[in-house]
Amino acid sequence: MLISLINLSYLIGAVAFVWGLRLLSSPDTARRGNILASIGMGIAILATLVAPISGGDNNYLWILIGLVVGGGIGWVAAKRIAMTAMPQMVSVFNGLGGACATVLALAELFKYYDGTMTMGLGQLGIVLFTLLIGAVSFTGSMLAFGKLDGRIKDKHVILPGHTIINIILLVVVLALAVWLMIQGSAAGTGLMVVFLVASLLYGFSFVAPIGGADMPVVISLLNSFTGLSAAAAGLIYGNQIMLVGGILVGAAGTILTVLMCDAMNRSLLNVIIGGFGSAGGGSKGESGDQVAKEATVTDASIQLFYANSVMFVPGYGLAVAQAQKALKELDDLLEGNNVDVKYAIHPVAGRMPGHMNVLLAEADVPYPKLLDLEDANAALKDTDTVVIVGANDVVNPAALDDPGSPIYGMPVLEVWNAKNIIVLKRSMSPGYAGIQNPLFFHEKNRMLFGDAKDSIQKLVQEVKNM
Amino acid sequence: MLISLINLSYLIGAVAFVWGLRLLSSPDTARRGNILASIGMGIAILATLVAPISGGDNNYLWILIGLVVGGGIGWVAAKRIAMTAMPQMVSVFNGLGGACATVLALAELFKYYDGTMTMGLGQLGIVLFTLLIGAVSFTGSMLAFGKLDGRIKDKHVILPGHTIINIILLVVVLALAVWLMIQGSAAGTGLMVVFLVASLLYGFSFVAPIGGADMPVVISLLNSFTGLSAAAAGLIYGNQIMLVGGILVGAAGTILTVLMCDAMNRSLLNVIIGGFGSAGGGSKGESGDQVAKEATVTDASIQLFYANSVMFVPGYGLAVAQAQKALKELDDLLEGNNVDVKYAIHPVAGRMPGHMNVLLAEADVPYPKLLDLEDANAALKDTDTVVIVGANDVVNPAALDDPGSPIYGMPVLEVWNAKNIIVLKRSMSPGYAGIQNPLFFHEKNRMLFGDAKDSIQKLVQEVKNM
Amino acid sequence: MRIGVLKEQSDKRVAIVPAVAKKLADLGATLQIESGAGANAGYDNNAYDGANIIDRAAVLQRSDVLISINPLPEDELKSLQKNTLLISEFKPFFDKDVSERLKTQGLRAISMDMIPRTTLAQSMDVLSSMASIAGYKAVLTAANILPRYFPMMITAAGSIKPSKVLILGAGVAGLQAIATAKRLGAQVEAFDTRTAAKQEVESLGARFVEVAGAKEDTGAGGYAVEQDEDFIKRQREEVQKRAMNADVIITTAQVRGRKAPILVPSSTVEKMKPGSVIVDLAASTGGNCELTQDRQTIQHKGVFIVGNSALADEMPEDASTLYANNLLNFLKLIIKEGELNLDFENEIVQSAFITH
Amino acid sequence: MRIGVLKEQSDKRVAIVPAVAKKLADLGATLQIESGAGANAGYDNNAYDGANIIDRAAVLQRSDVLISINPLPEDELKSLQKNTLLISEFKPFFDKDVSERLKTQGLRAISMDMIPRTTLAQSMDVLSSMASIAGYKAVLTAANILPRYFPMMITAAGSIKPSKVLILGAGVAGLQAIATAKRLGAQVEAFDTRTAAKQEVESLGARFVEVAGAKEDTGAGGYAVEQDEDFIKRQREEVQKRAMNADVIITTAQVRGRKAPILVPSSTVEKMKPGSVIVDLAASTGGNCELTQDRQTIQHKGVFIVGNSALADEMPEDASTLYANNLLNFLKLIIKEGELNLDFENEIVQSAFITH
Amino acid sequence: MDTVLQFFNEQLIMIYLLIFTIILGFEVISKVPTVLHTPLMSGANAVSGVVIIGAILLIRQADSGDVLQLGLGTLGVILGMTNVIGGFAVTDRMLEMFKKKKK
Amino acid sequence: MDTVLQFFNEQLIMIYLLIFTIILGFEVISKVPTVLHTPLMSGANAVSGVVIIGAILLIRQADSGDVLQLGLGTLGVILGMTNVIGGFAVTDRMLEMFKKKKK
Ligand SMILES: NC(=O)c1ccc[n+]([C@@H]2O[C@H](COP(=O)([O-])OP(=O)(O)OC[C@H]3O[C@@H](n4cnc5c(N)ncnc54)[C@H](OP(=O)(O)O)[C@@H]3O)[C@@H](O)[C@H]2O)c1
Ligand SMILES: NC(=O)c1ccc[n+]([C@@H]2O[C@H](COP(=O)([O-])OP(=O)(O)OC[C@H]3O[C@@H](n4cnc5c(N)ncnc54)[C@H](OP(=O)(O)O)[C@@H]3O)[C@@H](O)[C@H]2O)c1
Ligand SMILES: NC(=O)c1ccc[n+]([C@@H]2O[C@H](COP(=O)([O-])OP(=O)(O)OC[C@H]3O[C@@H](n4cnc5c(N)ncnc54)[C@H](O)[C@@H]3O)[C@@H](O)[C@H]2O)c1
Ligand SMILES: NC(=O)c1ccc[n+]([C@@H]2O[C@H](COP(=O)([O-])OP(=O)(O)OC[C@H]3O[C@@H](n4cnc5c(N)ncnc54)[C@H](O)[C@@H]3O)[C@@H](O)[C@H]2O)c1
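Chains as they are written, first to last, in the numbering used here: chain Z, 1 to 466; chain S, 1 to 466; chain F, 1 to 356; chain L, 1 to 356; chain U, 1 to 103; chain V, 1 to 103.
Heads up, none of these hints are tricks.
Cross-link-like lysine-lysine pairs, in silico, BS3-like; alpha carbons within 27 Å at most:
| no. | chain 1 | residue 1 | chain 2 | residue 2 |
| --- | --- | --- | --- | --- |
| 1 | S | K464 | Z | K458 |
| 2 | Z | K444 | Z | K419 |
| 3 | S | K464 | V | K31 |
| 4 | L | K12 | F | K164 |
| 5 | F | K301 | L | K7 |
| 6 | L | K161 | F | K332 |
| 7 | L | K301 | F | K7 |
| 8 | Z | K325 | S | K458 |
| 9 | Z | K419 | Z | K79 |
| 10 | S | K369 | Z | K325 |
| 11 | S | K325 | S | K464 |
| 12 | L | K332 | L | K7 |
| 13 | Z | K464 | S | K464 |
| 14 | F | K22 | L | K273 |
These are computed hints drawn from the structure, not numbers from a lab.
Whenever a hint applies, use it, and build me the whole structure from the sequences.
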């Protein structure tokens, strides 16, 4: 009877995981999906606590301590972390999950080597696999965290010929695993520790050469590793929900990793052995020693979709890209989602007086949406997101604060008073006046490189998906 | 060894089914999906033919006869059938599948009642379930076929108070099943035949009140029934692939049924007890005693997407709906798919000379795409699909062939020379001249009712999905 | 059958252009063109090859059918042969006894402005083609006179607001004016008493000024019916409100056979900004603006009032082409195998024939 | 400090509009306006309240700074006090000794047309604001003269093809002309020798006519450099080809300090369709068309040639507003606390000062 | 009750499989564009012909003298095979029109 | 080889389940919009914390005197619980911003 209940609970938990992930993949339902999955997890944990068990002293106190301490740490960390640091946090959590699997494997191995337990070859293999994968996930995730957080720079950890070192390390780890299997219980804890250290080292080394910008992909990959280690641990304990949940995460994580690579227009292999690439081929956002931060289409579209007010600042680039109709489409879409959209028209934007007026009239933007310099500067203070579409000189803060600048004294659109800035242009090249624009390096600013029409069309697509 | 191979084959077959259906749900891969599923089926059948079997004489000759006859009929029927009659054909095939399940159940019951075999209560239940569901699927599908094919009219088969009759029939069938289970092997073949007949009757009666237009939904529902009967038969034979395949079709068929209802903006319940509704509520397409045929957005978009040449005929309705920009978007989309798009401008379209020119210029349609009356009439002969966007008088064939018409003698766009015609307008109301338009009842024509801008935006969405 | 085409006396257009002359010849007619008839429209005598180019007197005397846009001066009528068929715009709704006068002279006459405004007859409808040109030209004229920009301009030397254009009467000319003003970037409002007009105005993306209580026009063949006093008063108030803000007013409101309604009284004009422009296309029937002087452009307290209702004349080449095509479509109806063939059962022929 | 504003002698514009007059007063200046100065631009004397409205002689004698758009006649210069600062468009590139002449009279002068064409100075750049108006007006003028429609029209009376408009010189005026012609529905092509022009033309959705081998203009401060013989020849051929099909040609090509290049020779004009229109905005520096007569509209073999390079004058209200704003922005640079404060370190002041 | 519980515990993995298959069926179909509704229905119908496996097993398990069973089995094979072959063939024909160009 | 085959036949349903779970995992994720990549990764990560179940079982099965096992087990529970709670909580925070308005 109880056993049936436990089994049923696990079944419900497993279905909750599947359905939760499913819901997580659509913006409308994502939040519900997460809650569903967490309920599934709660049910599974509860069931495990009350499940009838043969032999063993229950030791509920120890469990309680573990749950409270772990839960507390997790909760506080999750609540305290800044919005922008969330990916790092996920990486840490993932590493801990991997570590947990490794600990379980160690516990099994200790019992095995001190003779309190026997294992078949298959089972030993599974345990070693759990240890290896969990350990790789642990150190890999921790390094990913360090890189994302900016504590560890690529140059600190990339060795020359890193790919070769990785291959050697991998061979060593695998050889150790085989050796441990051949030796069986004769191997002893010493060799086990060597294996553990090698695994941890490999995890670190595996992530080291991968460029900082690729970290989200790596975290996703390591997450699927953690899933596999959980599944393997499920095999050790003959527990279905660990198996199902682990496999699910393994599969989902893998496909997610591939999707993320796709979204970056790269292959997974390219990311993993990207160590070489990431050092060379300077990013588009670099200019001199300053680096402008890039936005992804996704970031930008979120900033648009969830804004209350958006200001477009069109410039000559809008005309060159002939993006006025696409811009109007984006406008309509945002207005349809209760975003207040306005256009800030700088008097000298474009290449002839009234250039922007001509374009926007062509796209049927109603006149009341167009603000001139003064009105726009007043409105910018209360604007959530400014999108600068192929403008440059007209938003150059040097006009106000750099007496050496050739445009010093010209009134410009003070876009930096808004909460977020997104600049759509193709490169870091200057505009008509031929001068560099410090705005691009402003902390509020993110560059979205590419032809303005292209970029806007992508934004339209993305916003439609939300 | 052989058993493993058989099992592996079944596993591969099952995965082929799943993956095949998956591929079937995207236009790019649908064909491959169908082929994959059919290969899976082939593997499963082969495996079943060579599977080791305990007791039984194999009787390969009988099997061969069955395979050849059935395969032959299926092949010829599928190849001969006209494109337009395919849904009927599917319905027939589906009914045969259900009949097959029923036959299997009967075979088991014969063995059971003549004492050559015993069955547990659970198994008996499963067999009866198989028989019932298979039979319902069989007669239901056959009636659906008759309705779709126009051989059977709704009025022939709908009885007054049909819903009540159906409920009574259902109760009778279920009661018989319970009775058969209580009686066990004592029941005998007589009662079994009664049960069979009642089941067949219920299938017929179930479908009878449902309107002819809803048949595709019903077929999909019956298809999921057939899936369930196959799964139940799988339980009888302890065969995994029948079980997996059957359940898969059951689940997929159910969700597909719901999706189809959604696409028609109705609930499944509404469709099933729709017998009352289907008679009343005259359609938008009726006028006098003639009935214009309606197109769905899907039909229309297929006709656009797979055309080589499309001609838009804009009229005053385009202007009223202010749909010119949406139309241009559709144009761009089609051009991007190698469809040759032109616009036929009738001299008096709209409400002022050059009305259409003004609108289309606003939407940036290049001048060379605009054909005047003469050029358009020449081009129409080689046009695959004509879309009439809120025009009416200017495409009225009465101007050419009805001397009594007030516009007799006016040159019009001879759209009926094209292969397909789609008319976008809101109702059957006449245009400026206030006269009925026989074009709407032309056999090549389909009406797509609704505001032109709305309809075009829907077409854009649908074409984007292809 | 000899068709004579006359040179207009005070109009740059010509009733028949060379391309149409050729097609008429194909119908079996002999063309006799007054020398220099097309000169002002860009067609010199050489362009009409195949036709006889002769002097005016000869054309007048030797034609079975005589075509001109504007009716002949009365004194020339005497020189015509009896039974000659005249085709012109006789405007019988205003010149009420023209039909009688011609009859007493023993002439037959077709008035092109009497062709019914039906879908079938639209290809012969010179009122439509000319009104369309007038609407287009009215906006260009206004834009040319207005001392301000039409479109909005945000420039380094200041921001210019878009001009406000008010169109009164949204018939063929009014609609074309709306379209043209919108193209130039102005903010356009329009008004008309016909109920269908609202939708038509909006179908061009402009705003419709609503005044409640207009009389319905069903049954009046597309022409506006006269509105009652109270209505006209309220409407004037509304117009006054808009006019004070308008930079350009283009009026096209006509009621067939009557003096055009006054929609813009002097008091309104005086409240407009100096430099603003009124183009009154109803000038020839009295004008929609109280101050309009037919065929003159005047300035009243800084406001320009253009009283030119014959704007089509200022685009003579295309105007002539369209006019000639309309004529051709009509002539096809009454010429069979080179001879006149008048079918008075035909609604179009019947309406157009004012004297027979 | 007293600022005098003069009425223009043959120009409807006025250099300072009432709104700007107020702002100048706020800067501490005393405004003295010649009576009737703004009348033609729509501003009567009352509009300038707060300023002294006096007669011309008084303005000339009593001002520290004298503002007009066009330079004063030579004879009036004598009546001025020594050291008076004149602000006008002196065009020193053409009137090469103007600077000397003024100096000998003991006067100081700022030439508004010498303000550098930089981003910073654009708010004072009268050449830009006036060129922009000229470009807009050029198209309206052409559309008004052309006996044909600009947009395409498929009507019951026949189909009208869209007019072809060719713009030569895609500077500020040329670009505005492109935009306006496109708005009206014409098919627009444009040509310019600057390499950046192609992108600029296309940024307005028009087609660029390409002639290979133009000299680069980098370093000439945005002004065009003169091109060599062979190039000009090939370009003429290309233009000739396009011109034969064009209904309207608008030319704006200027080279600073030189006669305008001839881009449309008589032979080309003669191949154009009768009724076609050439608007030559370079007329005052000799014209881009060989036949252009400055300040006159002539007809050559049926082709209209408009030689008016002062089209801004025909939109006096907005033109004056923009001009005055440009002046205001410049004056803000040289007036500190009500007094002149000339900083010759400043590039703009330095370039604009032609006599000091 | 007890037998149900016992059955549940014994067939646990089977039940997992069933539920997952159902979810998979839902999932695979849920985003299909309307254009594909009919071909998909047709394809699913062909798959439901898998019931033919039962008919084959029935014949193979039957005595060669048991004409009733053999007859029923053969009827089943014919019915099932018609469904399978006809179903796949007709689906393929429907899908032919999708073979043209792609963006 | 034989053991492998035997294992295969015995664990057949389990293998079905595994394969179907993998397909399901792929299927559930494959159409996710890029906006959701990070939250989804985070949610999946929380689910992978299911490994905590092993740690709980480890403790419960251990002798109350076996400090090594109990220590490892408790460490495991702490690690796993951090992953689970932190994972779900952080995902929820990420998803908060999706709660606003919808079209
Ligand atoms: N308004 C006038 O009358 C007039 C006349 C002449 C000159 N100007 C001068 O022009 C300038 C106008 O300022 P502005 O901010 O409008 O323009 P801007 O400063 O010239 O900058 C335009 C920017 O657009 C980007 N761009 C070009 N093509 C693009 C495309 N297809 N997609 C996306 N971005 C594109 C360019 O960057 P990438 O190359 O990196 O993409 C460039 O930095 C001022 O300096 C003004 O003085 C104005
Ligand atoms: N060109 C001119 O100069 C001129 C001037 C005056 C009159 N006319 C006359 O106007 C007519 C023009 O012919 P036409 O074919 O262009 O127009 P039409 O014959 O007047 O027909 C227009 C059709 O558009 C449909 N429609 C209206 N609003 C719509 C919307 N929002 N969405 C979709 N459909 C809509 C209407 O049907 P539903 O209500 O069912 O939607 C109507 O039947 C001719 O009879 C012509 O003689 C022309
Ligand atoms: N069937 C066809 O193909 C065809 C062709 C051309 C015109 N028409 C129709 O004929 C009718 C007349 O067109 P038109 O351009 O020659 O008209 P018009 O020149 O006679 O009058 C112009 C417009 O002024 C309006 N008007 C009259 N009194 C007014 C008032 N007091 N205030 C405001 N507006 C007032 C009229 O309603 C009309 O729309 C229109 O309905 C038009 O659609 C039909
Ligand atoms: N920085 C600013 O804000 C600003 C403001 C206004 C103008 N400008 C720049 O100043 C420059 C001059 O503008 P403008 O309108 O006063 O020019 P302009 O009036 O001096 O000349 C008009 C155009 O004619 C072109 N041209 C000269 N010779 C030609 C030939 N043989 N054939 C064809 N075209 C020829 C020139 O290249 C120029 O584009 C432009 O580059 C413009 O972008 C800059």
